[in-house]
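Student: Sequence:
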Amino acid sequence: MNAKTLVDALRGGRVVVAGAGVAGTGVARMLAALDATVTVVDDNAEAGGRLAGETGATLASTDQACADGFLETFDLVVTSPGWRPDSAVLVAAADAGVTVIGDIEAAWLADQAGLFGAPRTWLAVTGTNGKTTTTAMLEAILTADGRSTLAVGNIGTPPGEALLADPPVEMLSAEVSSFQLHWAPGFAPDAGCVLNLAEDHLDWHGSFDNYAADKLRVLTGDVAVLAADDPEVTSRATGGRWAYTVGDPADVDPTVCPDLLRVTGVRDGRLVDLDTTTGSVTDLGSAGGISPPGPAGVADAAAAAALARSAGVAAGSVASALSSFTVQAHRGQTVAETDGVRWIDNSKATNPHAALAALQGMEGVVWVAGGQLKGAEVDDLVKAVAPTLRAAVLLGVDRGIIAESLADGAPDVPVTVVDSTDPEDAMRLAVEAARGHARPGDAVVLAPAAASLDMYRGMSQRGDLFAAAACATDTEGGDER
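With positions in the sequence shown counted from 1, the corresponding number in the working numbering is that position plus 94.
Because the hints were derived from the structure by calculation, they are not lab data. Be aware that one or more of the hints could be misleading.
Quick list of in silico lysine to aspartate or glutamate cross-link-like pairs, EDC-like style, CA-CA up to 20 Å [claimed, not checked]: (1) Lys98 - Asp169; (2) Lys477 - Glu293; (3) Lys468 - Asp297; (4) Lys468 - Glu293; (5) Lys98 - Asp129; (6) Lys468 - Asp548; (7) Lys477 - Asp506; (8) Lys468 - Asp513; (9) Lys477 - Asp324; (10) Lys477 - Glu457; (11) Lys477 - Asp502; (12) Lys477 - Glu498; (13) Lys468 - Glu498.
Just need the whole structure built from these sequences, with the hints factored in.
Tutor: Written as structure tokens, this is what we have:
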């Protein structure tokens with residue numbers, strides 16, 4: 095299907111919406127406004143029925159959707175990002191010759207076609223880690239500049255629903271996942287950025303190359319913002335007019351990032367833009383007070399600043415927004431400061447790459463880690479962070495794997511292993527042990543490098559229990575090994 099045919103299907107066609115969750119709800123509401131005939135497919139009858147009742151759609155189960163002849167009567171399937179390519183409905187759609195796109199692609203096509211007024215400016219962020227913080231920073235910068243904007247995609251408002259905003263918004267700060275980009279072959283935002291690339295979701299994409307290729311779709315618009323410090327990004331990206339770095343922008347290797355017009359980076363403790371054609375430098379404010387602190391936070395801020403500046407945002411708006419920006423919970427948030435020790439909740443660091451970003455640039459770290467590694471290797475992470483560690487406290491189902499890696503790669507680092515599998519008790523013991531290791535000036539950092547579902551309802555509960563225990567009084571710790 096070409097873009098015009100897809101738009102015709104969205105506007106008054108027969109469309110299946112796969113999934114009645116947040117993404118599917120946004121799509122169904124957008125399609126209802128376009129007078130499409132919609133069938134919502136979801137085996138959760140309560141959620142699907144509620145959405146169907148709200149939008150006038152009909153509801154079908156997976157079995158009904160996969161029945162012979164069912165999908166052939168539809169023009170298009172719009173899938174929620176949580177649905178894998180091998181989901182029965184999506185496989186059946188492919189067999190029936192029905193095009194499948196995702197929520198980002200559907201909203202972008204409708205917007206570009208002018209179905210909801212003048213097209214918005216799309217500034218898109220993806221990457222293995224840092225997406226939410228960067229997108230939130232970008233939204234704050236645009237707001238400070240007086241632009242009407244919404245954060246959409248994986249954060250905030252579903253993109254289709256954002257098109258229904260009254261009054262209309264001018265700009266969309268879009269956090270887009272690899273799942274969403276997989277189903278968005280035509281998506282070409284006005285500016286896009288890939289923050290970093292590391293192995294993730296390989297069971298979904300099939301290989302790292304496939305995962306990276308889906309991520310890089312965000313760079314197909316007018317401006318591609320490259321992460322100059324990430325060789326996986328620079329080696330795979332085929333274009334780019336802007337770049338960002340946590341170092342001096344003048345030090346970016348032109349052979350790695352050729353034909354750059356602008357580079358955002360840090361010089362003498364200040365966030366700056368370098369115009370590579372004239373050599374002029376624009377000050378964007380202090381890098382010292384950026385939240386979250388450390389190289390990862392500065393990198394996110396530089397990426398957000400580069401995207402905003404590519405859209406014409408004033409330098410003063412960047413400085414103003416970043417100086418007052420507060421990181422969202424579980425993403426490097428300082429949750430307590432007691433006896434000269436900072437307690438930092440980075441429960442969102444659910445893989446080794448994210449944990450490395452959380453710990454880089456710090457000294458005197460008591461590292462709280464563990465959970466479900468899901469086969470991820472931690473040896474490289476341990477070797478990279480070993481010089482910064484005061485101690486490590488481990489919990490969760492794969493605590494033993496991390497303990498073995500620390501014994502091999504950081505034998506001088508004291509390690510406490512918490513064996514309790516009760517979520518509250520385990521975190522309480524971990525925090526008590528960390529308190530015993532920490533000295534004034536240190537930071538206790540929850541950066542698990544692992545998923546949370548072995549003991550917790552999710553990474554939010556894990557972080558909340560860490561924060562609560564960090565604010566509690568001193569008591570006795572766990573078992574040192």
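Student: Hint by hint, note whether the structure agrees.
Tutor: Do the hints match the structure? See the list:
no.: 1; hint: Lys98 - Asp169; verdict: holds, 13 Å
no.: 2; hint: Lys477 - Glu293; verdict: holds, 18 Å
no.: 3; hint: Lys468 - Asp297; verdict: holds, 11 Å
no.: 4; hint: Lys468 - Glu293; verdict: holds, 12 Å
no.: 5; hint: Lys98 - Asp129; verdict: holds, 17 Å
no.: 6; hint: Lys468 - Asp548; verdict: holds, 11 Å
no.: 7; hint: Lys477 - Asp506; verdict: holds, 12 Å
no.: 8; hint: Lys468 - Asp513; verdict: holds, 19 Å
no.: 9; hint: Lys477 - Asp324; verdict: holds, 19 Å
no.: 10; hint: Lys477 - Glu457; verdict: holds, 15 Å
no.: 11; hint: Lys477 - Asp502; verdict: holds, 9 Å
no.: 12; hint: Lys477 - Glu498; verdict: holds, 12 Å
no.: 13; hint: Lys468 - Glu498; verdict: holds, 16 Å
Checked against the numbered hints given earlier, the structure satisfies every one of them.
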